[in-house]
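The numbers in full-length UniProt numbering rise by one with no breaks, and the one at position 120 of the sequence shown is 120.
Do not take every clue at face value.
Stated by the list, open to error - Result set (DSS-like, lysine-lysine): computed pairs, CA atoms no more than 30 Å apart in a straight line:
1) 752 to 768
2) 756 to 590
3) 385 to 11
4) 385 to 131
5) 276 to 302
6) 519 to 575
7) 637 to 752
Stated by the list, open to error - Listed next, with one range per pair, are the computed distances between beta-carbon atoms:
8) 766 to 130: 52 to 62 Å
9) 638 to 60: 37 to 47 Å
10) 347 to 46: 37 to 47 Å
11) 420 to 187: 23 to 33 Å
12) 638 to 399: 28 to 38 Å
13) 207 to 599: 25 to 35 Å
14) 403 to 380: 50 to 60 Å
15) 498 to 468: 27 to 37 Å
16) 61 to 438: 48 to 58 Å
17) 466 to 403: 40 to 50 Å
18) 420 to 60: 31 to 41 Å
19) 468 to 130: 35 to 45 Å
20) 370 to 602: 23 to 33 Å
Quick caveat, the hints were computed from the structure, so don't treat them as lab data. Cβ atoms here follow ideal geometry from the backbone N, Cα and C, with glycine treated the same way.
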Amino acid sequence: MNIDDLNPAQKQAVEKTEGPVLILAGAGSGKTKVLTTRIAYLVEDKNVNPTNILAITFTNKAANEMRERVQNIVGENSQDMWISTFHSCCVKILRKDINKIGYNRSFVIYDSADQLTLIKECMKELDLSDKKFEPKSIISYISSAKDKLQSPAEFARMASGDLWLSQIAEVYAIYQDRLQRNSALDFDDLIYKTVELLKENEDVLNFYRGRFKYIMVDEYQDTSKAQYELIKMLALGHQNICVVGDDDQSIYGWRGADIRNILEFEKDYDDVFVVKLEQNYRSTQTILDTANHLIANNVERKKKSLWSDRKEGNLVKVKLLRSEVEEANYVVNEIYENATKSGRPYSDYAVLYRANAQARAVEDALNRFQIPYNIYGGTKFYERKEIKDLMAYLRVIVNPQDDIAIKRIINIPKRSIGLRTIEKLEDRANLMKESLYSVLLDVDNNSDISTKSKKGINEFVDLIGLFRALEQNESPSKMVEKVLDLTGYLAELEAIVNKNQSLENGKSQEAQDRIDNLKEFISIALEYENSDKFEDEEKTLGNFIANISLASDVIDEEEEIGIEKVSLMTMHSSKGLEFPVVFIVGMEEKIFPIARAISSMETADIEEERRLCYVGITRAMRELYLTYTASRTLYGKTSINLKSRFLGELPDETIEILDTPVKATPYGNADYSLLKKYSDKYKTNMNIDRAKKVGAKIIEKPVKGEGAGYDSYNSEEIPKVKIGSKIEHPTFGEGSIISKAGAEVTVAFNKKGVKKINLEYTTIKVLKY
Numbered sequence: 001m002n003i004d005d006l007n008p009a010q011k012q013a014v015e016k017t018e019g020p021v022l023i024l025a026g027a028g029s030g031k032t033k034v035l036t037t038r039i040a041y042l043v044e045d046k047n048v049n050p051t052n053i054l055a056i057t058f059t060n061k062a063a064n065e066m067r068e069r070v071q072n073i074v075g076e077n078s079q080d081m082w083i084s085t086f087h088s089c090c091v092k093i094l095r096k097d098i099n100k101i102g103y104n105r106s107f108v109i110y111d112s113a114d115q116l117t118l119i120k121e122c123m124k125e126l127d128l129s130d131k132k133f134e135p136k137s138i139i140s141y142i143s144s145a146k147d148k149l150q151s152p153a154e155f156a157r158m159a160s161g162d163l164w165l166s167q168i169a170e171v172y173a174i175y176q177d178r179l180q181r182n183s184a185l186d187f188d189d190l191i192y193k194t195v196e197l198l199k200e201n202e203d204v205l206n207f208y209r210g211r212f213k214y215i216m217v218d219e220y221q222d223t224s225k226a227q228y229e230l231i232k233m234l235a236l237g238h239q240n241i242c243v244v245g246d247d248d249q250s251i252y253g254w255r256g257a258d259i260r261n262i263l264e265f266e267k268d269y270d271d272v273f274v275v276k277l278e279q280n281y282r283s284t285q286t287i288l289d290t291a292n293h294l295i296a297n298n299v300e301r302k303k304k305s306l307w308s309d310r311k312e313g314n315l316v317k318v319k320l321l322r323s324e325v326e327e328a329n330y331v332v333n334e335i336y337e338n339a340t341k342s343g344r345p346y347s348d349y350a351v352l353y354r355a356n357a358q359a360r361a362v363e364d365a366l367n368r369f370q371i372p373y374n375i376y377g378g379t380k381f382y383e384r385k386e387i388k389d390l391m392a393y394l395r396v397i398v399n400p401q402d403d404i405a406i407k408r409i410i411n412i413p414k415r416s417i418g419l420r421t422i423e424k425l426e427d428r429a430n431l432m433k434e435s436l437y438s439v440l441l442d443v444d445n446n447s448d449i450s451t452k453s454k455k456g457i458n459e460f461v462d463l464i465g466l467f468r469a470l471e472q473n474e475s476p477s478k479m480v481e482k483v484l485d486l487t488g489y490l491a492e493l494e495a496i497v498n499k500n501q502s503l504e505n506g507k508s509q510e511a512q513d514r515i516d517n518l519k520e521f522i523s524i525a526l527e528y529e530n531s532d533k534f535e536d537e538e539k540t541l542g543n544f545i546a547n548i549s550l551a552s553d554v555i556d557e558e559e560e561i562g563i564e565k566v567s568l569m570t571m572h573s574s575k576g577l578e579f580p581v582v583f584i585v586g587m588e589e590k591i592f593p594i595a596r597a598i599s600s601m602e603t604a605d606i607e608e609e610r611r612l613c614y615v616g617i618t619r620a621m622r623e624l625y626l627t628y629t630a631s632r633t634l635y636g637k638t639s640i641n642l643k644s645r646f647l648g649e650l651p652d653e654t655i656e657i658l659d660t661p662v663k664a665t666p667y668g669n670a671d672y673s674l675l676k677k678y679s680d681k682y683k684t685n686m687n688i689d690r691a692k693k694v695g696a697k698i699i700e701k702p703v704k705g706e707g708a709g710y711d712s713y714n715s716e717e718i719p720k721v722k723i724g725s726k727i728e729h730p731t732f733g734e735g736s737i738i739s740k741a742g743a744e745v746t747v748a749f750n751k752k753g754v755k756k757i758n759l760e761y762t763t764i765k766v767l768k769y
């Protein structure tokens with residue numbers, strides 16, 4: 001077949017068909033084209049029987065795309081080869097031979113709902129309370145164990161000495177037994193049981209080794225231990241294995257992906273042929289130079305450098321804004337003006353962020369500008385379940401006759417009020433032509449309702465009554481906090497996080513994201529209370545809800561026909577995509593890199609965050625903007641964040657610093673002995689080791705004075721102080737400065753503890769320099 005349209009490195013990757021091959025495919029380097037061409041080359045030029053080829057990828061979409069491309073080249077011959085995901089490949093193997101490990105070949109595959117039902121039955125058998133053991137949490141532990149190829153017995157040995165984990169091990173054992181009795185597998189079993197089958201049956205292993213003489217695996221950097229073992233067993237005989245991936249784009253460690261699989265590939269096989277696909281067909285050289293310079297700071301990686309024939313290109317724009325609201329307004333205004341001048345459709349623009357909660361400010365700005373948008377790989381902020389639940393509580397507080405809202409939250413969190421009970425209450429309300437809330441108030445006189453349900457209903461009614469009384473004197477933000485606290489909604493999610501924090505899957509992260517979104521709602525309430533926009537109306541909970549409803553309203557569907565939309569997504573969701581113009585917002589320490597990566601003290605965690613930033617940068621084809629803020633209100637708290645260390649790692653020559661009236665907070669040196677003294681005295685929550693971790697002593701490469709992220713401010717307009725200076729604050733009283741970073745100082749106040757203030761925006765009196 002003709003491969004003249006390939007570049008030299010791509011040709012090498014296609015023509016090297018025998019023995020182990022590692023293709024390090026940089027972002028935008030045409031790896032899918034190489035894989036499909038390689039498959040066609042094996043069939044047409046090397047006369048390999050299509051049945052001897054196995055090509056594995058991660059998603060059905062990717063597998064279908066690869067299958068279609070191969071079919072267009074080799075025609076009907078492609079029907080005999082296995083081009084599939086890991087899971088569909090394993091189903092084929094298990095359908096034929098799973099009986100050899102004690103299962104019926106007509107097994108069924110349980111979905112998440114089936115899993116949950118079975119787990120609850122197992123817990124009931126062991127008399128375990130779902131208040132102490134959250135069923136979905138147990139599923140997460142079992143899923144993680146299977147991903148690590150841990151049997152129930154091995155998991156029990158690992159859990160020895162830990163009563164809580166030992167009880168989960170008991171559930172795991174019963175759960176697996178019940179699955180087998182039911183001739184069922186869960187999703188994780190598909191790979192787990194295939195590995196078990198091949199390990200225990202040499203004849204089956206030899207059959208598939210003989211059949212799959214040429215194996216190709218896409219996105220190898222994302223493979224888990226179970227996937228790694230499966231591929232290794234199949235390939236060890238002939239070693240005709242070709243893996244394609246990019247260690248610089250390994251961003252799924254939190255869900256079990258092991259970067260060592262690609263970094264140590266050459267240790268697993270003999271005489272590995274390594275080819276690097278470094279020519280990028282997506283981005284300008286300016287963007288690639290920026291990405292290359294950033295990722296070079298990682299130690300655990302295969303050295304490579306992306307390049308492009310597109311030598312032209314705008315500098316990467318770096319902009320500092322005062323707040324997340326100003327940041328969002330700036331981004332959306334740039335999109336509007338850029339689209340107007342260039343004629344680009346809105347689909348050419350993407351806004352990327354590290355955490356879902358950051359999308360809310362951008363959504364609000366897009367709605368104000370009436371620019372259509374899509375949340376890619378996620379739900380719009382106001383449509384998320386936890387936000388709708390919270391809004392329902394607030395609606396009931398303001399208007400108890402809102403039956404729709406009551407039905408949504410009457411059993412959230414659970415109060416032993418089932419669907420049948422709610423139906424009986426609705427029937428009574430309809431019969432009496434009263435609101436559902438009126439029926440709830442009189443539930444003790446309703447003989448159709450069980451005593452247990454009456455108890456839950458009375459608790460709910462009492463809670464709503466308390467909220468309605470508090471609402472008379474509390475601000476909207478305080479009411480949001482009280483609802484999250486007194487309902488137990490937040491505590492329930494926090495319990496899931498605490499139980500799952502050691503896992504390598506996404507269960508803990510999912511719960512944490514929901515917590516973050518709820519706390520972000522507090523920020524929305526605070527913005528409303530402090531905004532000049534609503535100064536002519538009373539800042540009541542009812543008015544706040546009305547404004548939220550207006551802010552979350554979408555453009556009419558008829559107006560959207562034929563209109564392209566801006567894409568909003570997390571950095572993780574952006575992998576594999578590309579856009580002419582990309583905005584990455586929130587380039588601040590504790591935002592990106594995320595706080596838990598900083599506090600973990602593990603270099604690997606920061607390196608994964610840096611890889612994630614690299615992925616974000618390489619999504620941009622023509623223009624790239626990086627923004628950050630002097631202060632940010634997120635998860636209900638306003639903070640002055642250090643600018644991201646990643647900005648300090650970008651090359652000066654590819655960066656254009658845009659004008660700004662404020663100054664970023666650089667990495668600063670603090671007097672940690674004073675900090676400890678005042679932390680002890682005032683019992684603050686400041687963690688000294690953590691404080692040091694984000695200090696200049698830890699960051700060996702300081703932010704360059706004229707480099708990325710530098711902005712000037714007028715130092716003559718702020719009072720001159722130093723560490724140890726005594727000051728007087730109009731609200732907090734007298735105190736001593738214990739650290740200083742530009743205009744931001746940390747002050748230990750005599751009566752108010754340790755606080756951060758910005759001298760540009762605060763009037764103080766210097767008592768002693």
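Quick rundown of the hints versus the structure:
no., hint, verdict
1, 752 to 768, "19 Å, holds"
2, 756 to 590, "16 Å, holds"
3, 385 to 11, "49 Å, violated"
4, 385 to 131, "21 Å, holds"
5, 276 to 302, "10 Å, holds"
6, 519 to 575, "27 Å, holds"
7, 637 to 752, "18 Å, holds"
8, 766 to 130: 52 to 62 Å, "59 Å, holds"
9, 638 to 60: 37 to 47 Å, "43 Å, holds"
10, 347 to 46: 37 to 47 Å, "41 Å, holds"
11, 420 to 187: 23 to 33 Å, "31 Å, holds"
12, 638 to 399: 28 to 38 Å, "31 Å, holds"
13, 207 to 599: 25 to 35 Å, "50 Å, violated"
14, 403 to 380: 50 to 60 Å, "25 Å, violated"
15, 498 to 468: 27 to 37 Å, "32 Å, holds"
16, 61 to 438: 48 to 58 Å, "51 Å, holds"
17, 466 to 403: 40 to 50 Å, "21 Å, violated"
18, 420 to 60: 31 to 41 Å, "38 Å, holds"
19, 468 to 130: 35 to 45 Å, "31 Å, violated"
20, 370 to 602: 23 to 33 Å, "45 Å, violated"
Hint violations for this structure: numbers 3, 13, 14, 17, 19, 20, all remaining hints satisfied.
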